[in-house]
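Asker: Top line first, the protein sequences correspond to chains R and W.
The opening position of the first sequence corresponds to residue 196 in the working numbering, with each subsequent residue numbered one higher.
The opening position of the second sequence corresponds to residue 287 in the working numbering, with each subsequent residue numbered one higher.
Rather than coming from a laboratory, the hints here were simulated on the basis of the structure.
Hints are not guaranteed to be accurate.
[What the hints assert, rightly or not] Stretch by stretch, here's where chain R covers chain W in the computed footprint (C-beta under 8 Å, at least three residues):
1) 545-556
2) 590-600
[Stated by the list, open to error] Chain R is nowhere near these chain W residues, computed Cβ spacing over 12 Å in every case:
3) Trp-323
4) Ala-338
5) Leu-344
6) Gln-394
7) Ala-415
8) Gly-455
9) Tyr-472
[Said to hold, decoys possible] A few chain W residues that face chain R, going by a derived Cβ cut-off under 10 Å, partial list only:
10) Leu-410
11) Ala-414
12) Val-559
13) Phe-606
14) Leu-607
15) Ala-611
16) Thr-614
These figures come from a predicted structure and were not determined experimentally.
C-beta atoms are modelled at their ideal positions from N, C-alpha and C, and glycine is treated no differently.
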Amino acid sequence: MSTVEHPERGGFALLSRMKPDRRLGLYALAAAIVVFVVGQLIQPGFASASGVKTVLVVASFVGLVAAGQTLVVLIGGIDLSVPWMMNSMAVLLTTAAEGSSLRAAWVVPVVLVAGALLGAVNGLGVAVLAVPAVVMTLGMNGVLQGLTLGLTGGFTCASCGSSAPPVLAGAVNGSVLGIPGQLIIVLLVAVVMTVLLSWTSFGRRIYATGTNPRASALAGVNVRALTIALYALSGLFAALAGILLTAYGGKATLGMGDPYLFQSIAAVVIGGVSILGGRGHYLGALAGSVTLTALISVLLAKDMPDYGRDMVYGVAVLGIALLYGRSERDEA
Amino acid sequence: MTQTQTRSPQQPRPAPAPASTLLGRLSAQNTGLVLAWLLGVAMLVLYLALFAARKSALPGNFELTSTVNNTVPLIFAALGQSFAVLTSGLDLSVGGVMDVSNSLAASQMGTSPGGILLWTVLILLFGAATGLVNGLLVAYGRLQPILVTLGTLAILQGLALKVLPQPGGTTPPALTKALADPDAPYGLILVALACLIWFVARRTSFGMWIYAVGNDRVAARARGVPVRRTLVLAYVTSGTFASAAGIMLAATTTGGDAASGDVFTLTSIAAVVIGGVSLFGGRGSGIGAVLGAFVLTLLINVLFFASVDPLYEPFYEGLFLVLAAAATTLAGYWLRRGQIGRGLR
Numbered sequence: 196m197s198t199v200e201h202p203e204r205g206g207f208a209l210l211s212r213m214k215p216d217r218r219l220g221l222y223a224l225a226a227a228i229v230v231f232v233v234g235q236l237i238q239p240g241f242a243s244a245s246g247v248k249t250v251l252v253v254a255s256f257v258g259l260v261a262a263g264q265t266l267v268v269l270i271g272g273i274d275l276s277v278p279w280m281m282n283s284m285a286v287l288l289t290t291a292a293e294g295s296s297l298r299a300a301w302v303v304p305v306v307l308v309a310g311a312l313l314g315a316v317n318g319l320g321v322a323v324l325a326v327p328a329v330v331m332t333l334g335m336n337g338v339l340q341g342l343t344l345g346l347t348g349g350f351t352c353a354s355c356g357s358s359a360p361p362v363l364a365g366a367v368n369g370s371v372l373g374i375p376g377q378l379i380i381v382l383l384v385a386v387v388m389t390v391l392l393s394w395t396s397f398g399r400r401i402y403a404t405g406t407n408p409r410a411s412a413l414a415g416v417n418v419r420a421l422t423i424a425l426y427a428l429s430g431l432f433a434a435l436a437g438i439l440l441t442a443y444g445g446k447a448t449l450g451m452g453d454p455y456l457f458q459s460i461a462a463v464v465i466g467g468v469s470i471l472g473g474r475g476h477y478l479g480a481l482a483g484s485v486t487l488t489a490l491i492s493v494l495l496a497k498d499m500p501d502y503g504r505d506m507v508y509g510v511a512v513l514g515i516a517l518l519y520g521r522s523e524r525d526e527a
Numbered sequence: 287m288t289q290t291q292t293r294s295p296q297q298p299r300p301a302p303a304p305a306s307t308l309l310g311r312l313s314a315q316n317t318g319l320v321l322a323w324l325l326g327v328a329m330l331v332l333y334l335a336l337f338a339a340r341k342s343a344l345p346g347n348f349e350l351t352s353t354v355n356n357t358v359p360l361i362f363a364a365l366g367q368s369f370a371v372l373t374s375g376l377d378l379s380v381g382g383v384m385d386v387s388n389s390l391a392a393s394q395m396g397t398s399p400g401g402i403l404l405w406t407v408l409i410l411l412f413g414a415a416t417g418l419v420n421g422l423l424v425a426y427g428r429l430q431p432i433l434v435t436l437g438t439l440a441i442l443q444g445l446a447l448k449v450l451p452q453p454g455g456t457t458p459p460a461l462t463k464a465l466a467d468p469d470a471p472y473g474l475i476l477v478a479l480a481c482l483i484w485f486v487a488r489r490t491s492f493g494m495w496i497y498a499v500g501n502d503r504v505a506a507r508a509r510g511v512p513v514r515r516t517l518v519l520a521y522v523t524s525g526t527f528a529s530a531a532g533i534m535l536a537a538t539t540t541g542g543d544a545a546s547g548d549v550f551t552l553t554s555i556a557a558v559v560i561g562g563v564s565l566f567g568g569r570g571s572g573i574g575a576v577l578g579a580f581v582l583t584l585l586i587n588v589l590f591f592a593s594v595d596p597l598y599e600p601f602y603e604g605l606f607l608v609l610a611a612a613a614t615t616l617a618g619y620w621l622r623r624g625q626i627g628r629g630l631r
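Modelling step: build the complete structure from the supplied sequences, incorporating the hints.
Answerer: Have a look at this one:
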């Protein structure tokens with residue numbers, strides 16, 4: 196694909212020598228810094244330590260969902276089941292743990308496994324039944340939404356125990372050495388994802404399959420198993436994000452996952468991950484989530500009405516995609 | 287098979303079906319459409335049976351007409367969507383276009399016939415313009431359709447909120463009377479019109495180009511198909527149909543809501559898939575999309591008469607969507623026996 200180095204002019208030699216993945220990740224990081232600087236100019240105090248911390252914590256939820264989204268997008272797939280995967284797992288957590296920290300000890304692993312298994316069902320549909328990823332994950336989203344709404348009766352009532360176990364809330368909202376617990380968890384995820392993508396053969400297989408599934412199958416990659424594993428991981432990360440979001444807000448509410456579909460895809464794109472697969476890195480997607488969240492925060496600080504925010508979202512995604520999300524010139 | 291929006295020339299094309307019998311060949315080439323017809327008939331029978339069991343009578347003219355009227359917005363949205371999907375693209379902005387059209391219809395039309403006509407034309411032009419933006423970004427911007435239309439979807443949703451901040455407004459009664467009268471079969475005329483548009487469009491060179499582009503863009507280009515123009519036109523068609531669907535939604539609901547079109551992004555894709563149009567492009571028929579829209583509406587009716595809690599509706603819709611898509615694939619492989627081992631990697 197774009198391993199061909201494009202000769203670039205002047206002081207950009209260093210940038211142009213970089214691998215495209217890394218360069219695009221850097222762009223996303225630079226975009227985040229620009230947004231912070233502009234935010235500080237518009238709203239003094241926006242880029243203060245506490246302001247940045249708030250943005251990072253909010254961005255970390257998008258970043259977690261984007262981890263799973265990155266994995267499936269890297270093989271040319273997409274996970275549209277994210278919103279209700281998060282939501283159903285959050286409701287599963289609160290109803291099973293009943294607000295008790297003791298029960299949380301076994302409920303949290305169970306919820307994570309459930310998320311992974313449901314994600315694996317997505318993978319099975321895509322890899323074995325050859326259902327297009329859009330359809331499979333859309334259907335899964337509906338299934339989970341219907342089950343969650345139906346089983347909870349439409350709202351999480353006070354007596355069903357919709358509040359998060361205190362120990363989780365403590366872990367997420369507490370801090371170690373001034374770093375919020377939530378950020379530490381996301382940093383751990385970032386480290387794991389980087390190791391996985393950059394230094395393991397599993398990671399190499401992901402990129403190979405995303406670039407050319409047929410060639411990598413011929414080279415001995417078990418594409419089906421890989422697909423199932425990646426969708427399972429996407430389900431796992433969505434479940435994790437659901438758990439942490441519940442702990443952060445203290446409650447599981449219906450519809451809590453809805454914003455995360457658009458935001459996770461937008462973060463992945465802003466982070467330079469090619470929607471066609473095979474190109475990009477999680478660190479870029481993580482920077483993309485920060486950029487997106489910072490942008491939203493600036494707009495909120497400016498009292499931008501809802502409609503304006505939606506429109507800025509759209510324009511930002513299109514603008515950034517036009518900057519570096521374009522496919523090669525070979526086809527049309 | 288991983289989902290890639292474009293097929294690279296190296297990937298093998300599915301082998302043509304064995305031409306042993308005419309019926310075999312027809313069904314192998316139109317597996318999706320055949321399944322859509324079967325599903326449509328099955329849902330209709332199920333609906334009639336449940337209706338008869340509950341009310342000990344067959345649905346009368348009123349029920350049938352309202353069912354058709356309720357399906358019309360989805361039919362138009364899905365038919366438009368099928369143009370984008372056939373080029374191996376996707377139009378997620380359908381819901382956003384419907385939001386804006388619906389809001390405009392409810393807040394601007396007034397009651398004079400001139401105003402209604404003028405705004406109908408303006409709304410259709412707006413839909414076409416949105417499609418033009420989508421198409422230009424896809425064809426000349428070389429962006430992935432899913433990305434482009436996700437972006438324009440957000441912009442359109444914002445725009446709809448700007449036009450109609452609170453749900454409300456009223457659509458002119460004349461519009462409801464003309465498009466969604468429960469006492470007259472105008473809905474059926476609209477369905478017929480949609481099918482007619484498809485039949486005509488399918489037989490123009492544009493209709494042929496869509497299939498060529500969806501099947502193999504590089505080959506289409508080599509054959510002299512204006513690939514970019516076809517892509518732009520496909521999205522313009524999709525946008526125009528979506529705005530028409532928005533007007534019809536306003537007519538059936540008799541009011542405006544800046545978010546009422548949102549669900550149509552997903553239901554239009556669902557209808558297209560159930561109708562047997564391949565999301566990989568180049569296979570399927572707009573008639574399938576129309577059938578898919580009917581199947582989805584009948585499914586809601588069937589769930590209602592089966593006394594299913596409406597909260598569970600998304601569950602059954604989701605399950606149905608996945609099963610229908612899987613059935614299409616499996617039936618395709620079954621009809622092209624001998625390809626089973628090679629078709630599935």
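Asker: Would you list, in rising numerical order, the hints stated earlier that this structure does not obey?
Answerer: Violated hints: 10 and 11; rest satisfied.
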